[in-house]
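Read top to bottom, the protein sequences are chains F and L. Residues in the first sequence are numbered from 1 upward in steps of one, following full-length UniProt numbering. Residues in the second sequence are numbered from 1 upward in steps of one, following full-length UniProt numbering.
Among the clues, some could well be false.
Cut-off 27 angstroms, straight-line C-alpha distance, at most; resulting in silico cross-link-like pairs (DSSO-like, lysine-lysine) [claimed, not checked]:
hint, chain 1, residue 1, chain 2, residue 2
1, L, K327, F, K608
2, F, K200, F, K591
3, F, K393, L, K376
4, L, K389, F, K799
5, F, K608, L, K214
6, F, K587, F, K597
7, F, K202, L, K469
8, F, K202, F, K171
9, L, K214, F, K720
10, F, K289, F, K407
11, F, K911, F, K820
12, F, K200, L, K389
13, F, K202, L, K214
14, F, K215, F, K177
15, L, K373, L, K88
16, L, K229, F, K911
17, L, K234, F, K923
Rough simulated footprint, nothing fancy, chain L against chain F, three-plus residues with beta-carbon under 8 angstroms [stated by the list, open to error]:
hint, stretch
18, 48 to 58
19, 170 to 177
20, 328 to 337
21, 664 to 673
22, 904 to 914
23, 924 to 932
Example chain F residues on the side facing chain L (calculated, C-beta under 7 angstroms, incomplete) [stated by the list, open to error]:
hint, residue
24, I110
25, W432
26, G434
27, V435
28, I469
29, T623
30, R625
31, S687
32, E854
33, N867
34, I943
Because the hints were derived from the structure by calculation, they are not lab data. All C-beta atoms, glycine included, are put in the ideal place defined by N, C-alpha and C.
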Amino acid sequence: METANWILQLLGRLHPLLVHFPIGLLVVALLLETRTIGGKRKGLREGINWMVYIGAGFAVFSALFGWFLKTQDEYSGDLVDNHQYTGIATAVFALITAIVLRRALKKAIINLKAYRFMLFVTVVLLTIAGHLGANLTHGEDYLTAILPSNKEVYSNKESGVLLSELKGEAKLSELQKDKLSLEVRGLFAHKCYQCHSENKQKGELILENKTGVFKGGKSGLAVVPGKPEESEIYKRIILPANNKKVMPTKGKLLTKDEVALVKLWIKEGAHWSDKAVKVFPEAELALVKPELPKVQEINHPIDKLVDVYFDKNNIDWKDVINDRAFIRRAYMDVIGLLPEPNVVNSFINDSNPNKREELVDTLLSDNQNYTQHWLSFWNDLLRNDYYSVGGKKQITHWLYNSLVKNKSYDQIVTELVNPVRGSEGFIQGVKWRGVVNASQRTEMQAAQNIGQSLMGVNVKCASCHNSFISNLTLDQAYGFATIFSDSLLELNRCDKPIGKMAKANFLYPELGSVEGETVKDRLLKLSEVMVQRDNGRLYRTITNRFWDRLMGRGIVEPLDEMDNAPWDAKVLDWLSVDFIDSGSNLKHLIKSIMTSKVYQLPMVNYKKQEDLKAKYVFKGPVTRRISAEQFSDAVSQIIAPLYPQVAFNPNGDDIKAIRIWHLEQELGRVVLPEPGKRYFRKSFNVSKETINKGEVLISVDNSYILYLNGKKILQNENWKVVDKIDVTRYLKSGKNTIAIIGENNGAIANPAGILFALKLDYENGKSMLLKSDTSWVSSRELPEGNWVAVKYDDSSWSKVRNYSTRNFKNWGQLLDFTFKPHTEKFARASLVKQHSFMKALGRPSREIVTTSREDQATLLQALELTNGEFFNGVLEEGAQSWLKKYGDDSDTIVINLYNKALNREPSNEEKTMILNILGEHPKQEQLQDVFWSVLMSPEFQFIN
Amino acid sequence: MDTNKSRRDFLKKMSAASLSAAATTIPGFSFLSSCSPEVQKMASTADTVILLWMAGGMAHTETFDPKAYVPFEKGVESKRVLSTFPKKPTVVDDLYFSEGLEGIGSVMDKGAIIRSYKSADLGHILHTRHQYHWHTCYEPPQSVQAPHIGSWIAKELGPANPVIPPFIAMGQRFTMGESEELKAFHSAGFLGTEYGPFLIPDPSSGLESVRPPKGMSLKRFEARYKLYKELANKSEVMEQGSDYQRESLMRSMEQSYRLLNSPEAKVFDLSEEPKEVYDTYNTGRFGLGCLLAKRLAMNGGRFISVSTEYEPFLGWDTHENGHTRLKKMKALIDRPIAQLVKDLDETGHLDRTLIILASEFSRDAIMEGRPGKKVKDQVNQPDIIEHEKHYGMHRHFTDGSSILMWGGGVKKGLVYGKTADERPCSSIENPVVIDEVHQSVYHALGVHPETHYEIEGRPFYTTPDGKGKPILDLFGNPMKSSKENIA
């Protein structure tokens, strides 16, 4: 059997070879046959006959082998089937043709009519079968792909309409001339710019602007006003398709109407309208509040509008989610934290019909937590992070305050664009040392960032050359950048100066002039031009971003391309106008969305990411992965604090002390400390007055033993913890000495440092603060003798090194490093410096504006979560503290875990599965694994 | 593919396939347009790349392109000093390396040297900018985040072995180096973190990154995953139907579990090596990185970088004590690199593994930047050297440096390009720029030179505008070294 199979397979694969014989023979036979019609060229008869016989024979074999190929090589599909049917039909008809021919020849009077007809049919079938076969091997669009018609999506029916409108006119009005001019320019844009634009000047011809059009190109004057016949353009577009000089050379030729339009335009004097030609679709700037439909029983304006949309799209309203799901969603969306179990329960039990709206209000009024959640959104959007570099100053302090105070969006934009103290960083741009591309000059960065973040328009392309993706020109981009420049800017096309100076303008000049003597003047004008009702784009852009944050997908996508069509313009516009009317109150916008029924619908699932892009139809909110910051904070809330230290401390009450360590050098250069123990001393004087209280704060990376005046006081191996201890009884008047053994862990050199503060309160109200600084001394070797004693001579020891400097900066500010009481139990992730764990979970590095984060999980992320040392350490710590808190009662632990992490009771089944692992009396390791399993579950990882 | 096809056609075709890859600023990777299959089916001469990264600026005149040796003596003029080491012959006739690199010299019959690499002219010298440029092929700053060459390769070719991440970066810690602003050279840029580097800062603990967490037994690890799966599958959320985001989470978790539970993780275990081998490689973290790179290359690594960690003023970044420091640096790299080449050659893996040694730029005793382009001096180098501290190459030189390559179809014993023997020791023959280096790597791997994605509506190529050309002279039939010819 097997032998037979391979033979059949081989024969099958000969099919593609064999098919060429019937094709060649039968087609030529038909061709020759036509030459014999009317009894001519009798000499051909014998040859044709043989061609038909052999062709028919091969056709039969081809069909047979084709069938082998299909069955043996397992081809299938409609195309294959169609090819098969037509192929078999060809073979059958070829055979019949041969038989009819044979019969006809045998008769005395030769009548070839029937045979000729059959041959013709056979060849037609053959052609179809052959074409289908070719599609199989070369792909279905093999032929059609190169047809000009398939490349060109532009079809302009306007030409005909306009033409018929203008034809009857004896004299064109100014308006008509304008229209004609714009139409022709639009034609140029679609048909000619490909080669004749500023970006690509084939034949030295530019059709993109007035100068270029009237200057002409290498072949002479493109346009001679009034004289189409002398105009090169007209001469070229009327040439026949096969002429080498015909224009356009690429794509379809101009239609009759289009040619007529160009002719008319030139004949009428080739009037040039100064209005811009919009080649790409562009959203209206203006914003009008749509009238709300009158829908009974629906109160919320958004719901009314969506109801109409749903009707139109045949979508049914689903029931809103329950209280439990709602409170969780609302907490995560407004303050980025999980609700405590008792809060959830009292919310559920609350019978107040307005409780959902009231909850949103309550959450929005929690200014600190609201700010610490939304800060991440703004940091991404304004590419602000906790460092300053190359003149790019961080704006954290200003931003934090703006959010806490809930400044209006108008004020925020005004202050970003025309900076006040603290907000300069946004438009400042990074000044790179060295040479940078002209399109990356700081002024251009400002233009790009404002364009992208605030206006939802891409200025990046146009800052190098006229954009290929929008109507923006190089001129406009430079004009925009000029606003921020204290000197005139020369236009650079693709980094080459073109000898043209820019004139200050905003991207949308119709909004008003931004010209002014000084930068300050212009910035003031810019802020006024941007922040006005007429600039609907500004408000649509932010509204759309907030919608995306709360609903999982924007009304317009991508969020930065606001010229794209919204899935429902009315929803977007109503929200935007309502937002303006609220005094551009961001919290109002959040509330408007969150109190709608639409927000409270169950999540809609999508099988493919693509389903959210093209042809998207809104059905409800989209499942959202919780952000790196939300995940970190949630873990800090329920398991153990992830981050003890912040990069920005809104309390501002921390003690500014530095981390010190033994100075480690290599050939005169400071290097990271090698692992191991180092010895530190610091002596200080206490005056004779009575001491009221002496308190120490200490944290050492990685561990320490602290001595005061020869006595061992404290030790700790966790650098994240700040130890606070009363040392009053160890102090004495006169000379006192602090001695510390510090140890750096690890296998390779890595950051190490002592952070220390001692506060002395005297009875007379005076006080003294001693901090870790470079006056401390240290030793690499274990000193001989009683080195912790006050009287020990440390004069041979060397001065310590500040390891908190820029190059070695590795620590943030520990929240606990303060003598004042404070309420924060952990550092909110949004305030923490970029960290590898959060980076893996998708927090961007904010070198450039980021307006949406990746929504799919990655392997690297999963690895970080599965075996990352950092996260594992937190789980371990959490398990220890849970066992301390809840004892070793598995039941209590499971119930608490589910309530805290998922805001619900575990099902019996879940409980059983977990108890299987935990046993009755859980050990730390098992508990750690249960934590992990619950935290990794989709229910925890997504906002559902 | 049809080479006559104009770029426009190519571009059109690509962008048609890409639908709306510009959908988001950082698009989901599945949404990036991918090259058509006909393009991917290109001949290749390598499957794996090992990049040995000499971070900090390695002086060519002190390493692989020695010039006239001027020994140290008090009072010697800086401008007289071209090399502070004598030159030593290598296995290839007429090819000399600086003293201390005899090991690498002994394997040059298996590889090629480019002596005419010209770094970008970025004005004022900044390591991180040049490193970014070398690794991404784009001059920083860029308005979109450019991906590292390793990420491009990870994206285009995927892992060679499903349980070994396709882009592994050893030696450089996330927290080290200059300001974060330029950390982009570490990242996958717009390709998305999926294609970012799997970081192994310390190769001796590389195994820990691919095993269950420290202290967790395999049994416990399996039980934990089982519980997670059960809980997830039973949860109400999963009953709501499939969702691509949830699926991607479940899929990634499973991949990660499989990888960490895979016996192949042993590849990362350096303790499996015989003691002599371990000791030969063990000159420090870099040497052990080479050892791990060897094991990865033999078992299906795709892009592996081993870096001498960059830290300002340390490593190759010699602002003073150049001579003394380079002795150490040479001792760090010479033995393990030579052994790496030998070991891969012996097992036959070198045939399909392309090893590259490179640095962001070179150094010089006098010239900062390049001839004709005066940039601000960053180093105080006296005219007369009185102290050994000032003996060495301390300024940043961008007009000529060396790149070494072995295996992966590269000609053997080839010396390509040349620098001047007198100061300035610039590239004077066959100058090579980064676009050509990248395209040569892509050429070896069979990645189409015009590979690109649409990002924010514009095509973004592996090399700027897709214009780079591979240096075809580097490849071809093994050119026997002259010694073999005689034999």
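Going down the list of hints, with the structure as the test:
1. With a C-alpha separation of about 56 angstroms, the suggested pairing of L:K327 with F:K608 is violated against the 27 angstroms cut-off.
2. Of the pairs offered as hints, the one joining F:K200 and F:K591 is violated, with about 50 angstroms between alpha carbons and a cut-off of 27 angstroms exceeded.
3. Of the supplied pair hints, the one linking F:K393 and L:K376 holds, its CA atoms being roughly 24 angstroms apart against a limit of 27 angstroms.
4. For the hint pairing L:K389 with F:K799, the CA-to-CA distance comes to about 24 angstroms; that is within 27 angstroms, so the pair holds.
5. Of the pairs offered as hints, the one joining F:K608 and L:K214 is violated, with about 37 angstroms between alpha carbons and a cut-off of 27 angstroms exceeded.
6. Of the pairs offered as hints, the one joining F:K587 and F:K597 holds, with about 18 angstroms between alpha carbons and a cut-off of 27 angstroms not exceeded.
7. A threshold of 27 angstroms between alpha carbons decides the hint, and for F:K202 with L:K469 the separation of about 25 angstroms falls inside it, so the pair holds.
8. With a C-alpha separation of about 35 angstroms, the suggested pair F:K202 and F:K171 falls outside the 27 angstroms cut-off, and the hint is violated.
9. Annotation: proposed proximity of L:K214 to F:K720 holds, straight-line Cα distance about 20 angstroms (limit 27 angstroms).
10. Proximity of F:K289 to F:K407 is assessed by CA-CA distance (about 24 angstroms); at most 27 angstroms being required, the pair is judged to hold.
11. For a cut-off of 27 angstroms, the pair hint linking F:K911 to F:K820 is broken: about 43 angstroms separates their Cα positions.
12. A distance of roughly 55 angstroms separates the Cα atoms of F:K200 and L:K389; the hinted pair therefore is violated under the 27 angstroms criterion.
13. At most 27 angstroms may separate the alpha-carbon atoms for a hinted pair to count; F:K202 and L:K214 exceed this at roughly 65 angstroms.
14. Proposed proximity of F:K215 and F:K177 is supported: the alpha carbons are some 21 angstroms apart, at most 27 angstroms.
15. Restraint check for L:K373 and L:K88: the C-alpha separation of about 33 angstroms exceeds 27 angstroms, so the hint is violated.
16. Straight-line distance between C-alpha atoms of L:K229 and F:K911 comes to about 15 angstroms, which keeps the hinted pair within the 27 angstroms bound.
17. A C-alpha spacing of about 25 angstroms is found between L:K234 and F:K923, which places the hinted pair at or below 27 angstroms, so the restraint holds.
18. With a threshold of 8 angstroms between beta carbons, the proposed coverage of the stretch 48 to 58 of chain F by chain L is violated, since 0 of its residues qualify and at least three are required.
19. Counting residues of the stretch 170 to 177 of chain F whose beta carbon lies closer than 8 angstroms to any beta carbon of chain L gives 0, which falls below the threshold of three, so the coverage claim is violated.
20. Evaluation of the coverage hint for the stretch 328 to 337 of chain F: breached, as 0 residues show C-beta separations to chain L shorter than 8 angstroms, against a requirement of three.
21. Three residues within the 8 angstroms Cβ limit are the bar, and the stretch 664 to 673 of chain F against chain L gives 6, so the coverage statement holds.
22. Only residues whose beta carbon comes within less than 8 angstroms of a beta carbon in chain L count, and the stretch 904 to 914 of chain F has 5; three or more means the coverage holds.
23. Requiring three or more residues with a Cβ within less than 8 angstroms of a Cβ of chain L, the coverage given for the stretch 924 to 932 of chain F holds, as 4 such residues are present.
24. Nearest Cβ of chain L to the Cβ of F:I110: about 50 angstroms, over the 7 angstroms cut. The hint is violated.
25. Among the interface hints, the one on F:W432 holds; its C-beta lies about 6 angstroms from the nearest C-beta in chain L, closer than the 7 angstroms criterion.
26. The interface hint given for F:G434 holds, since its Cβ lies 3 angstroms from the closest Cβ of chain L, which is under the 7 angstroms cut-off.
27. The closest approach between the C-beta of F:V435 and any C-beta of chain L is roughly 4 angstroms, which is under the 7 angstroms cut-off, so the hint is satisfied.
28. The closest approach between the C-beta of F:I469 and any C-beta of chain L is roughly 4 angstroms, which is under the 7 angstroms cut-off, so the hint is satisfied.
29. Using the Cβ-Cβ criterion of 7 angstroms, the hint placing F:T623 at the interface with chain L is satisfied: the shortest such distance is roughly 5 angstroms.
30. For F:R625, the interface hint holds, the least distance from its beta-carbon to any beta-carbon of chain L being 6 angstroms, beneath 7 angstroms.
31. The beta carbon of F:S687 comes no nearer than 42 angstroms to any beta carbon in chain L, farther than 7 angstroms, and the hint placing it at the interface is violated.
32. Evaluation of the F:E854 hint against chain L yields a held restraint, the C-beta minimum of about 6 angstroms falling below 7 angstroms.
33. The beta carbon of F:N867 is positioned within 7 angstroms of a beta carbon in chain L (closest approach about 5 angstroms), and the interface hint is therefore held.
34. Residue-level restraint check for F:I943 is violated (minimum Cβ-Cβ distance to chain L is 11 angstroms; threshold 7 angstroms).
The structure fails hints 1, 2, 5, 8, 11, 12, 13, 15, 18, 19, 20, 24, 31, 34 (numbered hints given earlier, in ascending order).
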